[in-house]
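Participant: The lines below spell out each chain.
There are 2 protein chains.
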Amino acid sequence: MTSILCSGSIALDTTRTPFKTVENVLGGAASFFSLAASFFASVHILSVVGKDFPEEYWKLLEKKANLNGVQKKEGKTFHYDSTFSFDLYHRQTNKTELNVLGEFEPVLTGEAKKCEFVYLATMPPEKQLKVLQEAKGRKLVFMDTIEFYIKTERNALLKTMSHVDGVVLNDAEARMLTDEVNLIKCGKKIHALGPKIVIIKKGEHGCLLFHDGKVIPFPAFPLEVIIDPTGAGDAFAGGFLGYLAKIFKQDTRPTTQDFKTAMAYANVMGSLAVEDFSVNKLASATKEEVEKRFREYCELLRI
Amino acid sequence: MTSILCSGSIALDTTRTPFKTVENVLGGAASFFSLAASFFASVHILSVVGKDFPEEYWKLLEKKANLNGVQKKEGKTFHYDSTFSFDLYHRQTNKTELNVLGEFEPVLTGEAKKCEFVYLATMPPEKQLKVLQEAKGRKLVFMDTIEFYIKTERNALLKTMSHVDGVVLNDAEARMLTDEVNLIKCGKKIHALGPKIVIIKKGEHGCLLFHDGKVIPFPAFPLEVIIDPTGAGDAFAGGFLGYLAKIFKQDTRPTTQDFKTAMAYANVMGSLAVEDFSVNKLASATKEEVEKRFREYCELLRI
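Chains A and B are the protein sequences, given in the same order.
Residue numbering for the first sequence follows the numbering used here, starting at 4 and increasing by one per position.
Residue numbering for the second sequence follows the numbering used here, starting at 4 and increasing by one per position.
Keep in mind the hints are simulated off the structure, nothing from the lab.
Please note that a few of the clues may not be correct.
Taking lysine-lysine and the BS3-like style, the derived pairs with C-alpha atoms no more than 25 Å apart in a straight line are [said to hold, decoys possible]: (1) B:Lys-142 - B:Lys-130; (2) A:Lys-75 - A:Lys-142; (3) B:Lys-217 - A:Lys-295; (4) A:Lys-217 - B:Lys-295.
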């Protein structure tokens, strides 16, 4: 079975929506990514938590992912506090307390180094590069980033980006990175920075896949009730890389059609993530639910 | 051959984009709709122009549509002057000179009354209702409207809407009409107002089709270069109704799959419309180009 190494944050989130507030719930890119990817492949997490990290969250993650690369440090877990707008589309950060994440130095275990797939969730770009370089078994590497690093560490970011196979960004990040408005131009410019596979996410408006000279649009799975958009992008990435890991064969490259199927699973996992707070839905969903929604999504698109 | 009656404006547009300005070019909902629909069915236009309406535009429309219902009045043609934002997504109206359109009283010719399909492009809702009621041969009626009538003539609008089979609105209009943020809730509320088929357009983000209890999302055809978004929505409607007219059979209702194919043609016609100013691309495109893009669109969506 192909393994995915995911480096990134594990967080305690306080999430305020117009309808409800939840405090200190399980969050962080690595949590969302890993729970989504675990439906398809085995996942190793590279992250750090503090002494305050609840045992029940540890057990929840441990059921779905290998936590040997998750350090437990003196101090508090990374805490992210944000408020969503009425339309659940715009998020305002109230507080970012890095705590133990601030000093995090990723150390790859022997088994982590052997993982064929690597997902570099948002971290300082030089740390992403370090993980990539130490992941000696890597066959396919994807990365994410945020506006903060595009603004403040552009050079380091471009260096890391030149080493990865693919990037997953949202529309605002893609525009900021390339200084282009049209997202198709953005995607092509990001190709020129190195990544052969570019995914630009547009939240409820779906996403664009750039690969092999093609631009392929995908609508989001239509949802009438969205509870909490936190983690949708990382769950999306987990579905995408998870499916690719599942079908991975040594010495065979995924086809465009494989990438499209992976994008469908990505949309499915993103849509599940937003149907409840925290990782609740990803943690409770069954493989049957995932497959059912995948079939529904494909049926929606069939002309 | 099934005929479509389209009532709506024929305009002279002044369109200002960050890259170029064109003055007094052929515009208006009826022009865009009819040229797009003419690829699939015969179209009768119900509209009005002034004495200043250029002969070359008349001839252009006459080649593709029946103009017996287009009145030529003393005075000037409806003139619309607008400026697009840098991202070509937001439009600001500079001037709306209704001119002869202000006094327009639609009068249906005998052949117009026999049309099986009716498209009520934006007009005062009571005039839309009058056209609908006089179109005795009607089998399928769609309507569009704008924020102005949602704000100022809500009751008349709701009355007209209760008589049509389908509506085509953009996201802002749908939200304003229903007082809902989530577009899926919007679509369901609009169903409750009467229309069995609801289409919510999201510009470059594609659109949603509501029909028979289903919500079906469609991405827009990806375009790297957009010249002028004017008329995209009406060209979209022209592709949609045009295709449905082409496959129309007495006493057989279109299936969800028919509506999906129609939505694909709608996206194709909308994407063609924005690739040049005015109706230029719609007027010059060939059936082969339309079919080629349709196949490309279907291939993009195939998982």
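Participant: With reference to the structure, classify each hint as holding or not holding.
Facilitator: Going through the hints against the structure:
1. Among the hinted pairs, Lys-142 (chain B) with Lys-130 (chain B) is consistent with the structure: their alpha-carbon atoms are about 19 Å apart, no more than 25 Å.
2. With a C-alpha separation of about 29 Å, the suggested pairing of Lys-75 (chain A) with Lys-142 (chain A) is violated against the 25 Å cut-off.
3. With a C-alpha separation of about 16 Å, the suggested pairing of Lys-217 (chain B) with Lys-295 (chain A) holds against the 25 Å cut-off.
4. Simply put, Lys-217 (chain A) and Lys-295 (chain B) have alpha-carbon atoms about 16 Å apart, close enough for the 25 Å limit, and the pair holds.
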